[in-house]
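Trainee: Chains as they are written, first to last, in the UniProt record's numbering: chain W, 1 to 260; chain P, 1 to 260; chain Y, 1 to 260; chain Z, 1 to 260.
Among these hints, one or two may not hold up.
Treat identical chains as interchangeable: a pair holds within one or across any two.
Listed next, the in silico EDC-like pairs over lysine to aspartate or glutamate satisfying Cα-Cα at most 20 angstroms (straight line) [said to hold, decoys possible]:
1. Lys182 x Glu42
2. Lys5 x Asp244
3. Lys92 x Glu69
4. Lys52 x Asp25
5. Lys141 x Asp152
6. Lys45 x Asp185
7. Lys45 x Glu181
8. Lys154 x Asp244
9. Lys92 x Asp50
No lab work stands behind these hints: they were computed from the structure.
4 protein chains.
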Amino acid sequence: MKFKKRIYRLVEKGSHGKKINLIFDYVIMSLIVLSITSIILESIKEISSDFKIFLEWFDIFSVAVFSIEYLMRLYVSNQTHPASNKFKSVLKFVFSMNGLIDLFAILPFYLPLLIKIDLRFLRTLRLIRFLRILKINRYTKSLNLIWAVLKDKKSELAVTGFVTLLLLIFASFIMYNVEGEKQPDAFPNILAAFWWAVATLTTVGYGDVYPITGIGKFVSGIMALMGIGVVALPTGIIGSGFMDRLRDDKKCPHCGKKID
Amino acid sequence: MKFKKRIYRLVEKGSHGKKINLIFDYVIMSLIVLSITSIILESIKEISSDFKIFLEWFDIFSVAVFSIEYLMRLYVSNQTHPASNKFKSVLKFVFSMNGLIDLFAILPFYLPLLIKIDLRFLRTLRLIRFLRILKINRYTKSLNLIWAVLKDKKSELAVTGFVTLLLLIFASFIMYNVEGEKQPDAFPNILAAFWWAVATLTTVGYGDVYPITGIGKFVSGIMALMGIGVVALPTGIIGSGFMDRLRDDKKCPHCGKKID
Amino acid sequence: MKFKKRIYRLVEKGSHGKKINLIFDYVIMSLIVLSITSIILESIKEISSDFKIFLEWFDIFSVAVFSIEYLMRLYVSNQTHPASNKFKSVLKFVFSMNGLIDLFAILPFYLPLLIKIDLRFLRTLRLIRFLRILKINRYTKSLNLIWAVLKDKKSELAVTGFVTLLLLIFASFIMYNVEGEKQPDAFPNILAAFWWAVATLTTVGYGDVYPITGIGKFVSGIMALMGIGVVALPTGIIGSGFMDRLRDDKKCPHCGKKID
Amino acid sequence: MKFKKRIYRLVEKGSHGKKINLIFDYVIMSLIVLSITSIILESIKEISSDFKIFLEWFDIFSVAVFSIEYLMRLYVSNQTHPASNKFKSVLKFVFSMNGLIDLFAILPFYLPLLIKIDLRFLRTLRLIRFLRILKINRYTKSLNLIWAVLKDKKSELAVTGFVTLLLLIFASFIMYNVEGEKQPDAFPNILAAFWWAVATLTTVGYGDVYPITGIGKFVSGIMALMGIGVVALPTGIIGSGFMDRLRDDKKCPHCGKKID
Chain W
1 MKFKKRIYRL VEKGSHGKKI NLIFDYVIMS LIVLSITSII LESIKEISSD FKIFLEWFDI
61 FSVAVFSIEY LMRLYVSNQT HPASNKFKSV LKFVFSMNGL IDLFAILPFY LPLLIKIDLR
121 FLRTLRLIRF LRILKINRYT KSLNLIWAVL KDKKSELAVT GFVTLLLLIF ASFIMYNVEG
181 EKQPDAFPNI LAAFWWAVAT LTTVGYGDVY PITGIGKFVS GIMALMGIGV VALPTGIIGS
241 GFMDRLRDDK KCPHCGKKID
Chain P
1 MKFKKRIYRL VEKGSHGKKI NLIFDYVIMS LIVLSITSII LESIKEISSD FKIFLEWFDI
61 FSVAVFSIEY LMRLYVSNQT HPASNKFKSV LKFVFSMNGL IDLFAILPFY LPLLIKIDLR
121 FLRTLRLIRF LRILKINRYT KSLNLIWAVL KDKKSELAVT GFVTLLLLIF ASFIMYNVEG
181 EKQPDAFPNI LAAFWWAVAT LTTVGYGDVY PITGIGKFVS GIMALMGIGV VALPTGIIGS
241 GFMDRLRDDK KCPHCGKKID
Chain Y
1 MKFKKRIYRL VEKGSHGKKI NLIFDYVIMS LIVLSITSII LESIKEISSD FKIFLEWFDI
61 FSVAVFSIEY LMRLYVSNQT HPASNKFKSV LKFVFSMNGL IDLFAILPFY LPLLIKIDLR
121 FLRTLRLIRF LRILKINRYT KSLNLIWAVL KDKKSELAVT GFVTLLLLIF ASFIMYNVEG
181 EKQPDAFPNI LAAFWWAVAT LTTVGYGDVY PITGIGKFVS GIMALMGIGV VALPTGIIGS
241 GFMDRLRDDK KCPHCGKKID
Chain Z
1 MKFKKRIYRL VEKGSHGKKI NLIFDYVIMS LIVLSITSII LESIKEISSD FKIFLEWFDI
61 FSVAVFSIEY LMRLYVSNQT HPASNKFKSV LKFVFSMNGL IDLFAILPFY LPLLIKIDLR
121 FLRTLRLIRF LRILKINRYT KSLNLIWAVL KDKKSELAVT GFVTLLLLIF ASFIMYNVEG
181 EKQPDAFPNI LAAFWWAVAT LTTVGYGDVY PITGIGKFVS GIMALMGIGV VALPTGIIGS
241 GFMDRLRDDK KCPHCGKKID
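In isolation and in its complexed conformation, chain W is listed as follows (with noise of 0.2 angstroms):
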């Protein structure tokens, strides 16, 4: 039991006050850095070629690093994610967002000795558990922030995007139909159509696919300059709501009274 405790400790983030706990956290965090940059190298033949075996080996060790903090992280769900019985326990891990993601990192390695597929892109999932950095330092307050004005402003924010979808769909409908003829190539289909109108909506513009039509550069025009609006609404929502969150917060230092 005391040793269950302490892999709890050493895995959850509970307890600061050890050592080891922390020395642990760096040591994963770091693994985690060096196993993206591995997988960084691997894709660049002039230098996996040279350090291939060592990339190998590598791979071979973070992922068994990343397997026992998976069994230690399993040992302890029922600290974790307490349920009736431990085998819902573990369900209840093995399903949660974190411990999906967990698993979902170190599968791509087992899966191939099974079954041939090639998964390896999955290992980047390592990545996201780099998002808990943020949770567990100073940043925590700031993310919180964001995360609650994106939360407030949901509504206005889904509302802006449903619009920009439909907008989309009208400009690939009406540029399928003005350009589609002229050019075969660009414009086969509305999808192809639709990848214009994000394109252009963005204000990306890649220049791979463009109106030679009077109309269609008229349509072009529009959608280009209505991405002017696509920006400024989101971005005046956005500012908005932090505004309003820095508002809730404030109180005066003399009378203690909130200030509206």
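Based on these hints, arrange chains P, Y and Z on the given structure of chain W.
Mentor: Here is chains P, Y and Z on its own, set in the frame of chain W:
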């Protein structure tokens, strides 16, 4: 009369109580989504060839439903659009915003039977009907807020838009004179230069048209930098509009009364 | 004297009462729109060849009207621009902002009669006169508000602009050294690199010039990310400026006291 | 001692009174502008070939002036950077931010005399010195305000930046797996995909790299739409920061005391 009242309740969102009304709404909404999806699939040659007959039949079916709904709306128009006599009510509905959208959404099916014209892209107008979803649920408040802010700031946004338009015309006049001779294909006339101006000021920058002369690049650079202002101004206006609306719920610090 | 007063009332927007003044204004405004349209049409070869004579005659006609208007303004300059003597008034008007714009808008027609020079693009200056529309109607207040906000924040915006300029120069120096040898055509000198810097920082990204080396892409990425700040800073500044202005005007409708 | 005091007054902006200090400042500033201009001209082959000797002599002259100034600053370092002994003061100045910038701005001239290395682009560091202009005039307050806002919101901006970084890495991992095989030239490795991710998220969109597969376009579209959020979040944060600063000048409505 009782039958008419039921039809009225069915097609107009006034009475939420009855379960049948809710079902009717969801059927119509689903049909719109399916109908839009079928138009998209129809445009993808690889898919449409296999499902050609199915897609055609679905089109006939959906138009039939929308037509019946349109007739029902016509039938109850004297209640939704009260006028001195029945005929005026019908006209009032037919030429109302909603009436026109409903008409144009089904017209593309019937017209080719009479005259040879391809207006199928008008079917996308069904999408606009989708905005009604927003009107019938919890997003109404957010949609109204956004709309109210845009209306509050209508005048400022119009001025910004007008100055932007002048800027676009001015820049395209200069660019045509500067680049027209060097790049007769890219800048054949002022309208083509206007296309460049929109792409630059909105920072889309497809890359199909860009200056090659020194002065042209200078003008283009100025325009691109002004593009920042063209984004910053409406964003600031809209942001302050949202702040203003939020403050409206507040009380005067002097007398404590609510400020409208 | 009475005649002069009438001219004065006609050309200057001081007296709104008389119907003739309103007609005069609308005639001038319409002529500006038509004149700009005719310049655009003139540039489109397919159209201009058919209407060449008509467009030329219209040009003569519009210049005639603008010239008469200019002479009328000269005539009443001692009232619009009071000075110690008539000649000084005339000079004061001619070299005033409005006077110069009016002059440059008609000059391109007369100059080629004397010297061989093509200044026709100066005709676009007529557009600036269009801004006066904003001054004579209900948009005045909005235009003044936007102007006041920009003036309030002049200093902050200037600092942002200056830092942006330094950033552009700095980035183009680095880019010239990094990419200059590899892409002598795209980055022949620092001015060319400056063109790239503007296109990147404003996120226009035409795609005519982009880095191909590793370091170049790194610098370009940093610049593109900084572009977000270059948009965010002025937007935030302008947004707070609008808020500030709105707050200044607000009084409690119940007790009449100013609300900070 | 008196001589040293004068040097101190000359190189440091502490004493505004004397006219000679002002002249000294303007000479240095002008020299920086001219020196930057000469570096730009040097890079333009068409121009530099004609003025080669003049530009070289000007370079020697400006470095001479900057070197003398640097020596003067070294000389008065015990006053600007007080330490226990003279040598420590000198070191303190040399390794101070300003000291390093001044050194690197003249070093590129001397180093090639010793070792064969081209560091001429370091001369651009002279530009940074230009920021001092902002410190000596009426823009100080605005610069301080902007700086203060960025510092106030440091934590929120850092979190936004961190999440953006995770997003970029995540997207480039996915994109490499999705497009890597179809476009081995555009997406040879994850670093190349990262270049695409930055260009897309910041909406620069050069058009040198873009997805061609369906999934790739889908991911790219999501990224481009997220780019809106990546602009909206910092803009909202900075905007609320400016508002917050402005409000700081206010008084509590309850007790009337100033709120810091």
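Trainee: Determine which of the earlier numbered hints do not hold for this structure and return their numbers in increasing order.
Mentor: Hints 2, 4 and 9 not satisfied by this model.
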